[in-house]
Amino acid sequence: MKFVAGAVVAALVGLTALVTVSHGAAVTPQPELRTVEACFQTGERAVPVVLEVASSRQERQKGLMGRDALARDTGMLFQYRHAQGSDRGFWMHNTRLPLDIAYLNAEGRIGSIVPMAPCTSSRGADCPTYPAGVSFISAVEMNQGFFDRHGIEVGDRLVTGSEHCPGR
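In the numbering used here, the protein residues as written are 74 to 241.
Any given hint might turn out to be false.
Estimated spans, in silico, between C-beta atoms of each pair [as the list claims (entries may be wrong)]:
1) E236 with S195: 42 to 50 Å
2) D199 with R140: 18 to 26 Å
3) P121 with A179: 18 to 26 Å
4) H223 with V109: 13 to 21 Å
Note that these hints are calculated values from the structure, not bench results. Since this is a predicted model, take the numbers as computed values, not measurements. Cβ atoms here follow ideal geometry from the backbone N, Cα and C, with glycine treated the same way.
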């Protein structure tokens with residue numbers, strides 16, 4: 074996710090991850106970020122994942138843009154210092170991968186899961202937005218279908234650290 078130049082566009086769409094329009098230029102993925110081991114805890118089991126952590130404004134802006142693939146059971150954790158409102162969300166400008174995003178509260182509980190389609194338009198304004206619908210302080214993007222495949226639902230929880238992942 075990149076920032077769209079212009080406060081008017083930002084105000085209209087209420088994005089947390091805005092991008093600079095690339096005018097059709099190839100988008101280079103950001104260098105790999107630090108990773109953390111984590112688990113989604115459902116009522117029945119723990120699902121281990123490895124997450125790249127995007128915690129700075131620049132890292133969150135770039136996100137998974139320009140990537141052609143995302144390894145199985147890996148994703149990106151977007152962390153914010155302050156809670157984001159329910160009208161805030163993500164868009165997929167210059168993102169080539171179909172993704173699902175889980176919006177999480179301060180305890181790591183999933184408040185909503187939203188499927189997102191790639192948007193390779195050179196005009197960020199042509200890309201749809203995916204609002205959270207709930208207040209959130211972090212979000213996790215995974216390959217589309219990951220949450221369904223593993224039975225991960227709203228109310229389940231993400232915990233970081235391999236100690237929370239049995240058998241890891």
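Here is how each hint holds up against the structure:
no. : hint                       : result
1   : E236 with S195: 42 to 50 Å : holds, 45 Å
2   : D199 with R140: 18 to 26 Å : holds, 20 Å
3   : P121 with A179: 18 to 26 Å : holds, 22 Å
4   : H223 with V109: 13 to 21 Å : holds, 18 Å
In this structure, none of the earlier numbered hints is contradicted; all agree with it.
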